[in-house]
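Peer 1: Sequence:
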Amino acid sequence: MDVPKYHTRLLILIQTFCQNSKRNANMKLEHFDEVFEWAQHTDPSIKWGDARLRDGLLMDIGLASTDMKRIAACKKAITNNSIKKELNFWTEHLKKKSQK
274 MDVPKYHTRL
284 LILIQTFCQN
294 SKRNANMKLE
304 HFDEVFEWAQ
314 HTDPSIKWGD
324 ARLRDGLLMD
334 IGLASTDMKR
344 IAACKKAITN
354 NSIKKELNFW
364 TEHLKKKSQK
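In the working numbering, the protein residues as written are 274 to 373.
Hints may contain errors.
25 Å max Cα-Cα, derived BS3-like pairs, lysine-lysine [as the list claims (entries may be wrong)]: (1) K295 <-> K369; (2) K358 <-> K320; (3) K369 <-> K349; (4) K369 <-> K357; (5) K320 <-> K370; (6) K369 <-> K358; (7) K358 <-> K295; (8) K342 <-> K370; (9) K348 <-> K370; (10) K358 <-> K348; (11) K342 <-> K357; (12) K342 <-> K369; (13) K349 <-> K320; (14) K357 <-> K370.
Derived CB-CB ranges, DEER-like [said to hold, decoys possible]: (15) N293 <-> T352: 38 to 46 Å; (16) K295 <-> A345: 19 to 27 Å; (17) K370 <-> W321: 28 to 36 Å; (18) I319 <-> K373: 37 to 45 Å; (19) D316 <-> K369: 31 to 39 Å; (20) Q372 <-> P277: 39 to 47 Å; (21) D316 <-> S371: 20 to 28 Å; (22) L286 <-> S371: 28 to 36 Å; (23) T281 <-> E365: 18 to 26 Å; (24) S318 <-> H366: 30 to 38 Å; (25) T364 <-> Q313: 14 to 22 Å; (26) P277 <-> D323: 17 to 25 Å.
Read the hints as simulated data drawn from the structure, not as lab findings.
Just so it is clear, the structure is predicted and the values come from calculations on it, not from any experiment.
Backbone N, C-alpha and C fix where the C-beta goes; we use that ideal spot for every residue, glycine too.
Please put together the full structure from these sequences, using the hints given.
Peer 2: See the structure below:
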């Protein structure tokens, strides 16, 4: 399979995972590690708008999660500081939500 088609399919797969994980908590737990590995193995040199495709995919996966350890793993794998800040906002939101 050629590389552009692979990355397009990966992007669609991860977006589908993120949408479905909002509705099905079990899916989020069962498939997170697999989807995380796919995103992490994406070529880090591929641009995606102003950022890298890999960082965008990892951010989407992190935002789909409510598990702090998994969000931290996504944040650690991301190289773009602006995208890391997005995950920081998400973790702060989850902390506030859990305190209520």
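Peer 1: Does each hint fit the structure? Answer for all of them.
Peer 2: Right, here's what the structure says about each hint:
no.: 1; hint: K295 <-> K369; verdict: holds, 19 Å
no.: 2; hint: K358 <-> K320; verdict: holds, 19 Å
no.: 3; hint: K369 <-> K349; verdict: holds, 22 Å
no.: 4; hint: K369 <-> K357; verdict: holds, 19 Å
no.: 5; hint: K320 <-> K370; verdict: violated, 34 Å
no.: 6; hint: K369 <-> K358; verdict: holds, 17 Å
no.: 7; hint: K358 <-> K295; verdict: holds, 21 Å
no.: 8; hint: K342 <-> K370; verdict: holds, 17 Å
no.: 9; hint: K348 <-> K370; verdict: holds, 20 Å
no.: 10; hint: K358 <-> K348; verdict: holds, 9 Å
no.: 11; hint: K342 <-> K357; verdict: holds, 14 Å
no.: 12; hint: K342 <-> K369; verdict: holds, 17 Å
no.: 13; hint: K349 <-> K320; verdict: holds, 19 Å
no.: 14; hint: K357 <-> K370; verdict: holds, 20 Å
no.: 15; hint: N293 <-> T352: 38 to 46 Å; verdict: violated, 27 Å
no.: 16; hint: K295 <-> A345: 19 to 27 Å; verdict: holds, 20 Å
no.: 17; hint: K370 <-> W321: 28 to 36 Å; verdict: holds, 29 Å
no.: 18; hint: I319 <-> K373: 37 to 45 Å; verdict: holds, 40 Å
no.: 19; hint: D316 <-> K369: 31 to 39 Å; verdict: holds, 36 Å
no.: 20; hint: Q372 <-> P277: 39 to 47 Å; verdict: holds, 45 Å
no.: 21; hint: D316 <-> S371: 20 to 28 Å; verdict: violated, 36 Å
no.: 22; hint: L286 <-> S371: 28 to 36 Å; verdict: holds, 29 Å
no.: 23; hint: T281 <-> E365: 18 to 26 Å; verdict: violated, 33 Å
no.: 24; hint: S318 <-> H366: 30 to 38 Å; verdict: holds, 32 Å
no.: 25; hint: T364 <-> Q313: 14 to 22 Å; verdict: holds, 19 Å
no.: 26; hint: P277 <-> D323: 17 to 25 Å; verdict: holds, 19 Å
Violated hints, listed in ascending order, are 5, 15, 21 and 23; each of the other numbered hints is respected by the structure.
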